[in-house]
Amino acid sequence: MADHNPDGDPTPRTLLRRVLDTADPRTPRRPRSARAGAQRALLETASSRRLSGQTKTIAKGRSRGARSIGRSAHVQARGHLEEQTPRTLLKNILLTAPESSILMPESVVKPVPAPQVVQPSRRESSRSSLELQLPELEPSTTLAPGLLAPGRRKQRLRLSMFQQGVDQGLPLSQEPQGNADASSLTSSLNLTFATPLQPQSVQRPGLARRPPARRAVDVGAFLQDLRDTSLAPPRPGKPAQFLAGEAEEVDAFALGFLSTSSGVSGEDEVEPLHNGVEEAEKKMKEEGVSVSEIEATGAQGPSRAEEPEGHTQVTEAEGSQGTAEAEGPGASSGDEDASSRAASPESASGTPESLQARRHHQFPEPAPPPGAAVLSSEPAEPLLVRCPPRPRTTGPRPRQDPHKAGLSHYVKLFSFFAKMPMERKALEMVEKCLDKYFQHLCDDLEVFAAHAGRKTVKPEDLELLMRRQGLVTDQVSLHVLVERHLPLEYRQLLIPCAYSGNSVFPAQ
Amino acid sequence: MALSTIVSQKKQIKRKAPRGFLKRVFKRQKPQLRLEKSGDLLVHLNCLLFVHRLAEESRTNACESKCRVINKEHVLAAAKVILKKSRG
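Top line first, the protein sequences correspond to chains A and B. The first sequence begins at 527 in the working numbering and counts up one residue at a time. The second sequence begins at 14 in the working numbering and counts up one residue at a time.
Same shape as in the complex, but just chain A (with noise of 0.2 Å):
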């Protein structure tokens, strides 16, 4: 009981069961005083010892302590596959998983409950046998390889049901077999839609990098939107060349959506079809679609190619105005159905970036009318020769110029404070008197200045001439005049005033 494994490198498995074991289930179950006493000297060392103390009174009944770790152990002990709590489900992988990350493509998923029940039972006769935590999982790993990847996929099996469900919003697919292979086949759960690609994208390794979009979730939402906008009837009148253009990148795209959700969900081809084609219509507009898809698609195209485009006409027609601007899907159905086989491998050929750029070509170009485009393409032009020749008259700038916007400034500040209207003779005055005073005052300076001693004029002086002035009295001081008339900019940088740290500013 007392026995201990020795943790010598706490792996992240046995942090996990570490936590599995001191957590309280939520179920209490009846005690199983033997087996759990058998298990616990296989648990850590803290709660081995706990548990060594608690057998009896587990045996007997409730422990006054809540953690019943031994109650864990009993869970552990049976394998609770019928209650499927997260807590039995992470045990479960602990036991079955093996330490890396493998792998199995197996094409059957079925008795997933069996193996897991046959597994706590091995558990326990391993545990039983007082080993580490290592060479316990090593028999549970060689007993069943097989049974890792149904632990497994069982529950990417679930996961990626309920994707598609929830994404597609549609009943759970009718071969979950070939949904678990594609998932099993995948190294993330995301994944669910891009099973297709991946033996194209061996057979075309150069667009293997590009990653699957994640598009599960957009596509139902996207589909339904564009099933619903696309209520107006086409617009007639476009020239089929343009039709054409789009026709086939539409047809690309129609295809590699169609295949790939009818290739994930073995159901109706015609709503997925629709979906596939409205939603490459949309996207085609928008944003890249992840290519591999197209062309993963593109090689399926050909062997589809008779009930996707048939589909894609219709659907064409309906969500063309909008986005595509597609139209006339019977004028150029014929067009399309020779030149979509063609292109899809093209275009599954062309390189990404291009498809996408012509894509965006294509789109723009149908929209505005061929004729409003050249119209707008001449005023522009007049426009262009205008400017330049426009006569620019600068002189060169009078000296006075800027003197004389300093003092309108000043000029300004008579106008506002007279507060009456005035006429521009009187400005023109006003702007002789501040001449003059200006040259007043600098004479006052200097004197003020020469009389202190000094060459340089400090503000000192500059109270001393507003005190002859008779603006500062002792009734008014400097610095009332500062507040009442200056901004506070100005008065921080002339009134001192203290300021945190034993400093005033400006020093005195």
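These aren't lab readings, by the way, just hints derived from the structure by calculation. Do not rely on the hints blindly, as some may be mistaken.
The calculated lysine to any residue pairs, modelled on SDA-like cross-linking and capped at a C-alpha distance of 20 Å, are [unchecked claim]:
id, chain 1, residue 1, chain 2, residue 2
1, B, Lys85, B, Arg66
2, A, Lys938, B, Glu49
3, A, Lys951, B, Leu46
4, A, Lys951, B, Glu70
5, B, Lys50, A, Glu986
6, B, Lys36, A, Arg1017
7, A, Lys958, B, Pro31
8, B, Lys27, A, Glu1009
9, B, Lys29, A, Lys951
10, A, Lys951, B, Asn74
11, B, Lys50, A, Ile1021
12, A, Lys958, B, Glu69
13, A, Lys958, B, Val94
14, A, Lys945, B, Lys36
15, B, Lys29, A, Glu1009
16, A, Lys984, B, Leu46
Starting from the known structure of chain A, arrange chain B on it as the hints suggest.
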């Protein structure tokens, strides 16, 4: 002539002091002297007060002569008085 020469009044005025202009004027007048850092702000304050007084005086003159518009004569008379006052 009267109407065309009347200048409209702007209600929003800049409160910024043309510090560069003031420094340049002082330097041009008295190149041998130097003006301290905050000195030009006080000079600006001085100018403000001068202009203020001048405007008040002109307004008074215009009101006394019962004119709706401030005339050149009003300003001239006001300037005489105020400049005498501002002489240090």
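Here's how the hints hold up against the structure:
no.	hint	verdict
1	Lys85/B with Arg66/B	holds (16 Å)
2	Lys938/A with Glu49/B	violated (27 Å)
3	Lys951/A with Leu46/B	violated (34 Å)
4	Lys951/A with Glu70/B	holds (17 Å)
5	Lys50/B with Glu986/A	holds (13 Å)
6	Lys36/B with Arg1017/A	holds (19 Å)
7	Lys958/A with Pro31/B	holds (18 Å)
8	Lys27/B with Glu1009/A	holds (17 Å)
9	Lys29/B with Lys951/A	violated (26 Å)
10	Lys951/A with Asn74/B	holds (16 Å)
11	Lys50/B with Ile1021/A	holds (13 Å)
12	Lys958/A with Glu69/B	holds (17 Å)
13	Lys958/A with Val94/B	holds (14 Å)
14	Lys945/A with Lys36/B	violated (29 Å)
15	Lys29/B with Glu1009/A	holds (15 Å)
16	Lys984/A with Leu46/B	holds (11 Å)
In summary, the structure is inconsistent with hints 2, 3, 9, 14 from the numbered list given earlier, while agreeing with the others.
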